[in-house]
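Peer 1: Here is what each chain is made of, one letter per residue.
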Amino acid sequence: MNKEKALIAYVTRMGDNAIIMAQRLSEWVGHGPELEEEMAMGNFALDYVGQSRMYFSYAGELEGKGRSEDDICFLRDGWDYGNVLLLEQPNGDYGETIARLVLFETFYSLQLGALVTSPAKKLAEIAARAIKESTYHLRHAGHWLIRLGDGTDESHRRVQDAIDRLWTYTGELFEADQVDQIMQSDWEAPDLTDLRGHWHRQIDELLAKATLQKPDDGWMDSGGKNGHHSEHLGYILAEMQSLQRTYPGANW
Amino acid sequence: MTTFHEALEESTWEILEQIPDPEIPVLSIVDLGIVRSVEVDGSKVTVGVAPTYSGCPATEVIEDSVVKSLQSGGIDHVSIRRVLSPPWTSDWISDRGRERLRKYGITPPEKGAARRDSLLGDPMATERIVACPRCGTENTKKVSEFGSTACKSSYKCADCLEPFEYFKCI
Numbered sequence: 000m001n002k003e004k005a006l007i008a009y010v011t012r013m014g015d016n017a018i019i020m021a022q023r024l025s026e027w028v029g030h031g032p033e034l035e036e037e038m039a040m041g042n043f044a045l046d047y048v049g050q051s052r053m054y055f056s057y058a059g060e061l062e063g064k065g066r067s068e069d070d071i072c073f074l075r076d077g078w079d080y081g082n083v084l085l086l087e088q089p090n091g092d093y094g095e096t097i098a099r100l101v102l103f104e105t106f107y108s109l110q111l112g113a114l115v116t117s118p119a120k121k122l123a124e125i126a127a128r129a130i131k132e133s134t135y136h137l138r139h140a141g142h143w144l145i146r147l148g149d150g151t152d153e154s155h156r157r158v159q160d161a162i163d164r165l166w167t168y169t170g171e172l173f174e175a176d177q178v179d180q181i182m183q184s185d186w187e188a189p190d191l192t193d194l195r196g197h198w199h200r201q202i203d204e205l206l207a208k209a210t211l212q213k214p215d216d217g218w219m220d221s222g223g224k225n226g227h228h229s230e231h232l233g234y235i236l237a238e239m240q241s242l243q244r245t246y247p248g249a250n251w
Numbered sequence: 000m001t002t003f004h005e006a007l008e009e010s011t012w013e014i015l016e017q018i019p020d021p022e023i024p025v026l027s028i029v030d031l032g033i034v035r036s037v038e039v040d041g042s043k044v045t046v047g048v049a050p051t052y053s054g055c056p057a058t059e060v061i062e063d064s065v066v067k068s069l070q071s072g073g074i075d076h077v078s079i080r081r082v083l084s085p086p087w088t089s090d091w092i093s094d095r096g097r098e099r100l101r102k103y104g105i106t107p108p109e110k111g112a113a114r115r116d117s118l119l120g121d122p123m124a125t126e127r128i129v130a131c132p133r134c135g136t137e138n139t140k141k142v143s144e145f146g147s148t149a150c151k152s153s154y155k156c157a158d159c160l161e162p163f164e165y166f167k168c169i
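Order-wise, the sequence lines are chains Z and C. The first sequence begins at 0 in numbering that gives the first Met the number 0 and counts up one residue at a time. The second sequence begins at 0 in numbering that gives the first Met the number 0 and counts up one residue at a time.
With the rest of the complex left out, here is chain C (with noise of 0.2 Å):
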């Protein structure tokens, strides 16, 4: 049998799941991987956020939605706690959102962010091989590295000649 507190804590991953990225819609806040845990307690409801860029203006946009839509599903005591430890990275995107992504057409960042790219080594060994999300190619090439938003770099596939947009590996 499901106890109270079990099915609370259901339902407000549920709802957490429908909740949009504000800047890659495609993207639930699950998917991204920022939302760390939710902790019940009687009827209170603790989601522990971690953000991405520690300057990433929808940080706060965020936290506003997942407290007003918890709210909205019937939950009304909410409270967000900032959780900095582990940071997160792009790893922390779920399957899911990577193909999502794909789906949508930015090509995802590969795994590992955590290893460090060596600082001082030959500009041109950090290029990475970025496949076109649309037709798949490797044959793509780098627009610019800052793009439409801090988290993405602009690209455009040499085959298929559509542009798209790439999740840094950051």
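For reference, chain Z alone in the conformation it holds in the complex (with noise of 0.2 Å):
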């Protein structure tokens, strides 16, 4: 694999992962735990779904066989999509929700700090964008685990329960494949080992802010980053894809 394809590769899963995200996230539209959070998670998604058009759109660019980003995200099949299992888990319930949240955005924040200086230029104006709505999304999230780690025993319960349950899909993040090792050697994209341990860090910190305990590392899920995915993500693609599926090439 050459250093431009491992790039579109890995433009691609960023915007696989946003995507991914802020379809979970927005399922919380019509059913928020409060007004609050509800307007929360749809502006979350939101987010998510403008940095997805950055990558998707990027990585068509760098293709150079013109496809779009609705392209892109609409008219691949699971296979070819290169999100990481946490991401396509349920919701659950909104305890699991903030902690994934948690999880992930942790990693994320981390990641995208890396980019802002890659020579990749688009992928580190992208980043740099991304990286504000991250840090913010992290914030509300991280004070929600430490409300409800921290709360009755019925959402500390809770909330230790989705820590345990999602803890399988968090060594994923941080399995660095072929893709993952020329972005490093030739984009300066960060040392997915090096990221692990300030990963750890920060969870371990707001975990004990929180009340709740580490999960120990056992069996560690993993494959969605090459196409391996639950069966969950079959359901999120057909939901998502059922318009430009049945009338190919709609606009609007």
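Read the hints as simulated data drawn from the structure, not as lab findings. Worth double-checking, as some hints may not be accurate.
In silico DSSO-like cross-links for lysine-lysine, where the CA-CA straight-line distance does not exceed 30 Å [what the hints assert, rightly or not]:
| id | chain 1 | residue 1 | chain 2 | residue 2 |
| --- | --- | --- | --- | --- |
| 1 | C | K67 | C | K102 |
| 2 | C | K110 | Z | K120 |
| 3 | Z | K208 | C | K67 |
This structure is a prediction, so every number in the text was calculated from the model and none was measured.
Both chains are given apart, each in its own frame, so use the hints to dock them into the complex.
Peer 2: Okay, here's the thing in structure tokens:
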């Protein structure tokens, strides 16, 4: 794989992470535990939709085959999606949604922080834009994690269960494959081993504040980055892509 | 003597200053700080526009109204360049824009968005003092961090009892 191909794959995966997170968060619209949080999840989803559009347009430009952001988003099947498994898991209760946001945003904001100096100029620009949003999401989700963890027995139990359940999907975040290795050597993308250390320190601090226990690293599920997904992704894509699949090229 | 080039650039800015932000019409897109550049090449004008939030639904509406307004002002060859860097923050809102926001009943964001608040600090430490845009008191209360648009929070004033909005510092 040459460095240009690796960059396309990497940018597309970032777009896939963003759009799948957006789909999951937007499911809260109309179902939020309270109006303020419903607005929050809708706003965050919108930020992610915007980010995915930038990643997909950039990937299309790099590829140079005339594919638009919509083509990349709506006309690929699950095995071509490279989002991490963590993001396609169902929302669960609000505590589980918050737990996922914390686990992912801690990773994502570190990843973006390293990418702002990448020689892939456009990627660096998108990262500089997205990190502001990511920081804001993390702050909000972090406050909720503390509130729920250090809240009632019921909220503590539920959010601890959520962290325990989602933990098996966190290993994949730091698994470096060929794309990540080329990105690191040629485009100054972060070293995932270093990033893992930073991630653990931040998560440790936050979990301690929330009076939650960090699960032991047991068996870790993975494969999403290479298109091996859980059954949940297919349902997300079926709903998201139904319009373009039914009326190809529809535009308004 | 003003050259054609300068006159075209000047009239482009004049038109741009009249274009309202679709979500906060009291602000022009120039006051909001999203017009980054006007480049004139012969009779062609390229306007550099920076999106506020990645997912701001107004971005395309704004780009569309820039093209239409300039065309109805007699500038036919207009193109838009989307500028990502440096990213927009609320610090780009002009002083005139801040004053307009306050008069309209929206407390403008404080300056210093570039500073990253401590992520993992005491949740209460990030509570901001937001003055009421009507009576000026700091005796106010946040009703909801998330308001009518992605860029605003809802507050109420404990002295004059009016509800108001705060433009987030981001």
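Peer 1: Against the structure, test the hints numbered earlier, and report the numbers of the ones violated in rising order.
Peer 2: The structure conflicts with hint 3 only, although it agrees with all the remaining ones.
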